[in-house]
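Number of protein chains: 8
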Amino acid sequence: MSRTLGRLLATASLASLAVTALAAAPAHAAPTRDEPAGQAVVQSVTLSADAALEIAQAAMREAARQKQRVTVVIVDRSGATRLVVKGDGAGPQTEESARRKAFTAVSFGKATGELGRSLTGGRPSIADIPGTLFLAGGVPVASGGAPIAGVGVGGAPSGDIDEAIAQAGLKAVAGRLR
Amino acid sequence: MSRTLGRLLATASLASLAVTALAAAPAHAAPTRDEPAGQAVVQSVTLSADAALEIAQAAMREAARQKQRVTVVIVDRSGATRLVVKGDGAGPQTEESARRKAFTAVSFGKATGELGRSLTGGRPSIADIPGTLFLAGGVPVASGGAPIAGVGVGGAPSGDIDEAIAQAGLKAVAGRLR
Amino acid sequence: MSRTLGRLLATASLASLAVTALAAAPAHAAPTRDEPAGQAVVQSVTLSADAALEIAQAAMREAARQKQRVTVVIVDRSGATRLVVKGDGAGPQTEESARRKAFTAVSFGKATGELGRSLTGGRPSIADIPGTLFLAGGVPVASGGAPIAGVGVGGAPSGDIDEAIAQAGLKAVAGRLR
Amino acid sequence: MSRTLGRLLATASLASLAVTALAAAPAHAAPTRDEPAGQAVVQSVTLSADAALEIAQAAMREAARQKQRVTVVIVDRSGATRLVVKGDGAGPQTEESARRKAFTAVSFGKATGELGRSLTGGRPSIADIPGTLFLAGGVPVASGGAPIAGVGVGGAPSGDIDEAIAQAGLKAVAGRLR
Amino acid sequence: MSRTLGRLLATASLASLAVTALAAAPAHAAPTRDEPAGQAVVQSVTLSADAALEIAQAAMREAARQKQRVTVVIVDRSGATRLVVKGDGAGPQTEESARRKAFTAVSFGKATGELGRSLTGGRPSIADIPGTLFLAGGVPVASGGAPIAGVGVGGAPSGDIDEAIAQAGLKAVAGRLR
Amino acid sequence: MSRTLGRLLATASLASLAVTALAAAPAHAAPTRDEPAGQAVVQSVTLSADAALEIAQAAMREAARQKQRVTVVIVDRSGATRLVVKGDGAGPQTEESARRKAFTAVSFGKATGELGRSLTGGRPSIADIPGTLFLAGGVPVASGGAPIAGVGVGGAPSGDIDEAIAQAGLKAVAGRLR
Amino acid sequence: MSRTLGRLLATASLASLAVTALAAAPAHAAPTRDEPAGQAVVQSVTLSADAALEIAQAAMREAARQKQRVTVVIVDRSGATRLVVKGDGAGPQTEESARRKAFTAVSFGKATGELGRSLTGGRPSIADIPGTLFLAGGVPVASGGAPIAGVGVGGAPSGDIDEAIAQAGLKAVAGRLR
Amino acid sequence: MSRTLGRLLATASLASLAVTALAAAPAHAAPTRDEPAGQAVVQSVTLSADAALEIAQAAMREAARQKQRVTVVIVDRSGATRLVVKGDGAGPQTEESARRKAFTAVSFGKATGELGRSLTGGRPSIADIPGTLFLAGGVPVASGGAPIAGVGVGGAPSGDIDEAIAQAGLKAVAGRLR
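Here the protein sequences come in this chain order: B, Y, G, A, D, W, E and U. Numbering-wise, the working numbering puts 166 at position 166 of the first sequence, and it's gapless, one number per residue. Take any residue in the second sequence, note its place counting from 1, add 1000, and you have its number in the working numbering. Take any residue in the third sequence, note its place counting from 1, add 2000, and you have its number in the working numbering. Take any residue in the fourth sequence, note its place counting from 1, add 3000, and you have its number in the working numbering. Take any residue in the fifth sequence, note its place counting from 1, add 4000, and you have its number in the working numbering. Take any residue in the sixth sequence, note its place counting from 1, add 5000, and you have its number in the working numbering. Take any residue in the seventh sequence, note its place counting from 1, add 6000, and you have its number in the working numbering. Take any residue in the eighth sequence, note its place counting from 1, add 7000, and you have its number in the working numbering.
Honestly, I wouldn't trust all of these hints.
To be clear about the criterion: a stretch of chain Y counts as covered by chain G if any three or more of its residues have a C-beta under 8 angstroms from a C-beta of chain G, and this derived list gives those stretches [said to hold, decoys possible]:
#, segment
1, 1044 to 1050
2, 1111 to 1118
3, 1169 to 1177
The following residues of chain U were derived to be distant from chain A, with all beta-carbon distances above 10 angstroms [to be verified]:
#, residue
4, L7053
5, Q7057
6, A7058
7, E7096
8, E7114
9, A7164
10, A7172
11, A7174
12, R7176
On the chain U side, residues computed to face chain E include the following (Cβ under 8 angstroms) [stated by the list, open to error]:
#, residue
13, V7041
14, Q7043
15, S7044
16, V7045
17, S7048
18, L7119
Since the hints were derived computationally from the structure, they do not count as laboratory data. What you are looking at is a predicted structure, and each value in this text was computed from that prediction instead of being measured. Cβ atoms here follow ideal geometry from the backbone N, Cα and C, with glycine treated the same way.
Can you make the complete structure from the sequences, with help from the hints?
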């Protein structure tokens, strides 16, 4: 993470402290908490494939309701693809833009729209990190206080619509993320 | 698509509403319009190879008339190459710049020059999406109200000349795009 | 397509002629059939996003039934991704192997297992073409006598199981491919 | 996985059945075993960074003892890098060869030497899958009956020495993998 | 060039000596022939963009006549793209296979079919050189005894048909290559 | 070329018109000037390998004189590498930075320092074209009024020193470029 | 190096001259100092693998102390990887961001935080050079007055914390770098 | 290194033992020999840029004498480029084939022709390692019993001629490699 984000966090209001804490503890799970000393493994939590499909379908339904032609991508905390679905008529740029939004959201534990609004456009910034994209439309999936996946949507004429579609997807599994 | 473009659309005049609608409905064809319920396929429309060659030849003739040494690239709505022709003496950067202009035009359903003029230069913006280039010289090919291909031209000393060459190509098939 | 496949087709029995014809006419749709002379566009048919999701879910159910941990990838006739879903615990090699099987099936209009059995292992062969993989587990989705998409599955300990899972996915939309 | 490996497994002796079962159940953990119905997450197990460092150091000690100049790479079950250490004077090819051995071992849940001995050299085979390398020197790290990481070593004049060095690394954490 | 091709040339009959000489003198033009001593530049000859378009159109006409759906690629002696045209309904693998056939033909100054028939399938061979493909369908364009471009065709069910289409293209400019 | 450069050219003083003309006519040679009608080939001029070596050695001598540790790259008008030499102790970034400066100089027919001074830093601009770098240190090699190669130097603590080294190289062949 | 950095160095105070000299003399070792005339080799100094492991472990201990989840990467003066270790729960963007910080530090012989603070955000600048990243968290390892390796850390919510972790690693070998 | 090469070494005659030992001890220099305990650095030896230029020029002279049009590439023991020079009229495949031969020679410390003759063509083998090419034309540059660079030549109609050209280059610095 960067100087730019660091400054952003430093100037954040108290109201966003919970989110800040999330960014400061981005882990599958706390490996030191409940591991017996000397164990060579750590437990982690991943989004299930079933849940990924539920998110994608809910997002695609919302996109249809809003008559948007989008692509949805879900990546896990290692950056590996969990799901891609390209909607009918979605543009050729949508797979990569959705993927990068998902990647960015799971990397920093925040919605890409929120992160992007804090970037001034000057360089250097975290926007220089390969694989990232700070346009609205990416949201993190959190479990146990840590991001375990990112959902990215691309293709609507405004990032805010992309984000609303991603949030609709996320809502489908809310409450079952332990 | 991005916050930046979203804002751009929000502030667009009524006169450009038709174009805005085009951007908001970027599809090969409307899959829900005339598909029987339950059908697993959607109809789409693509530029024919013959038309691609006609566009390229008309563009190359215009480039010769203007004594410009350019490359012309046409990509379809999936982002796949339909045509590339590199003019005699065109620079080594022209294939990729023409390709990206074509890709950008078919992605957003507008000329790249128009899109580029709306970008302020600040980041983040849609210019961060991989594969795009917002210099003038890319124009969309539309059919049935949706972009089906993009024509990109690179190599002239000004993007406006590149765009004029691309438009000359497009003109060769105008009226036969249904 | 290659000398190797050419020979394979030349020695194929009459029983496989229908399939051979499919390979010889791999198109979204026949552009010359019903296009008015001079039209600059051709109609094509693509698998819908809904159908892609149905295929993926049916394939994942079959994988669960067989206790296999696999990834399913669907690509369209332009080679673009339509869907990826990585099952819980599927290996890191499965996304790319499933993608290449899907790509190969839609490229040649046949199941990858059938194609692979015809390759002798000598080089040069069509197995040298970038993006292909001739292990069983890829099946074409055909409409109107032409491949419109490919479904690829990777991760089971045998390609035959991968193919059975892909076929189970395909079955979910059979009869609705016009 | 491929027809080739399928055949290999089919002809494997009873003695190797345990290993075969491992290959047939390659997962971080069994997600259906202890997840409450409806949960959107699955538990998985990863090698800790401390354990990765212990493996690397033990492997480098063994390499020094055998006067070999090698690179050690550890990747997790998602294919992501956990550790790379390039020994003094190790060749430029060793990073990628060690990485691919590690990737192959964690993908198929077996030592690359064992897998490689079963390949006849004919194509197509699993050796065509991108990212794999079937030379000896890669060993899987298993926990709970499933591969969670791969350790790859490259640089010795024989793959058997590479494998012995990898095994020496693995030994350092044996018994603590639960 | 490789041991394999070396052997091939060594055993070639006298009848093919002219072709062998071509392979042994692959140059844009003879730089020592007419350059004043001390000149820092050499003259070379390239296929014109007009000629590239003529070749492509003649090849596409032949493909239509044979009812084949193919892609045609032309590359120059530096390996740079001069022309790509993807026919209606051509498969997703055809752009890269046609490109590699064109690249191989201009690299070795012979038709890829002829080169491929001389490869035994054993490794190492020139088929290991990146960017090459030794399936029939690539033909060199020669001027002044040296290859100046390569024409590659991919998509027909047999490499021999691909080559016939490429030859039909080449014929369109024969006699005007000086 | 871009709107940005277009504007730059539009506002250039008369004194720079010769250079502007160079940018507007970037070709190996004028193909229409002296080709018999119907010829399928065009003559072009390339820097000889001997001249490339002379340039590199003169540049390296100048670098030694200035106690700079640099890499020199020369590319031709097709973008292909003609020469790379990495000086003793030159940094790992120098090969790519020198290559991009050379590529940019031969693409636009001007020194990269001059081009870069005209860029305002706003986006979009020609600096977005892949493969370019607008830091000082790249100079074009021109023959017959057109750029035929680019020389790029990277590694000195200031781009102006890099450019002086490139110019020292160029001087070694000046007067022999016809 | 760029105009931007050049200007930065030109305006630097006397106090930073030692560091400037370091940037101006970035070499493994001085090849002209003690090589007999005519020798074809130069001596250079590299960080040992043991030292790389010591640095990584010290950095990981500091990260644990600060409860940060980071990745540490060390590259040598040729840009080749010496070490990567990804901490438990570190984000997917950390491997590449740490690698680029290490690359940048060894390229320019300064901490990335210091370099980044001197960049104004305008383009063109050295931030356009491929492989670089000018966020804090990268520090050079120097020996004999020249950078021989770079240590990069990524993953903390502020670049200053990343840099403190990198410095803690460096401290572990300080005094033994001759 | 592989099982295949291991076997090759095992069956090598006594006469080749010196070379075998070279392969078994591939290092810049022996780091344990003369380093004070606890030192964090190791000394290594690299080919000087001057020597690289001398090798390239001698190789190009030999190529001219044999009327061959080739590319010469030299890489160091880290795999980084030291020199590339592409001869007039050399084919587009020659840069990459020469680079891979150089890479292979410095990786395994033997001529690529010798290594290639020992490969049976079966897979898996060391020919599967990325970046390698086992065609004749690559020779190692050794100093102090270890490979410090590789010289690769590509473009002649036979690998044996490529190798002779590489050896002529190497001869130019023989006796000055300490």
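The hints, checked one at a time:
1. 1044 to 1050: holds (count 6)
2. 1111 to 1118: Contact hint for the segment 1111 to 1118 of chain Y vs chain G: violated, 0 residues under 8 angstroms.
3. 1169 to 1177: Coverage by chain G holds here, the residue count being 3 at a Cβ distance below 8 angstroms.
4. L7053: holds, 21 angstroms
5. Q7057: The claim holds: Q7057 of chain U sits with its nearest Cβ about 25 angstroms from chain A, beyond 10 angstroms.
6. A7058: holds, 24 angstroms
7. E7096: About 16 angstroms separates E7096 of chain U from the closest Cβ of chain A, which puts it past 10 angstroms; holds.
8. E7114: holds, 14 angstroms
9. A7164: holds, 25 angstroms
10. A7172: Nearest chain A Cβ is 24 angstroms from A7172 of chain U, so the label holds.
11. A7174: A7174 of chain U is indeed farther than 10 angstroms from all Cβ atoms of chain A, at 23 angstroms.
12. R7176: It holds; R7176 of chain U is separated from chain A by about 22 angstroms at its closest Cβ, greater than 10 angstroms.
13. V7041: With a closest approach of 5 angstroms, the V7041 of chain U hint holds.
14. Q7043: holds, 6 angstroms
15. S7044: holds, 5 angstroms
16. V7045: holds, 5 angstroms
17. S7048: Result: holds, 5 angstroms to nearest chain E Cβ.
18. L7119: For L7119 of chain U, the interface hint is violated, since the closest Cβ of chain E sits about 26 angstroms away, which is over 8 angstroms.
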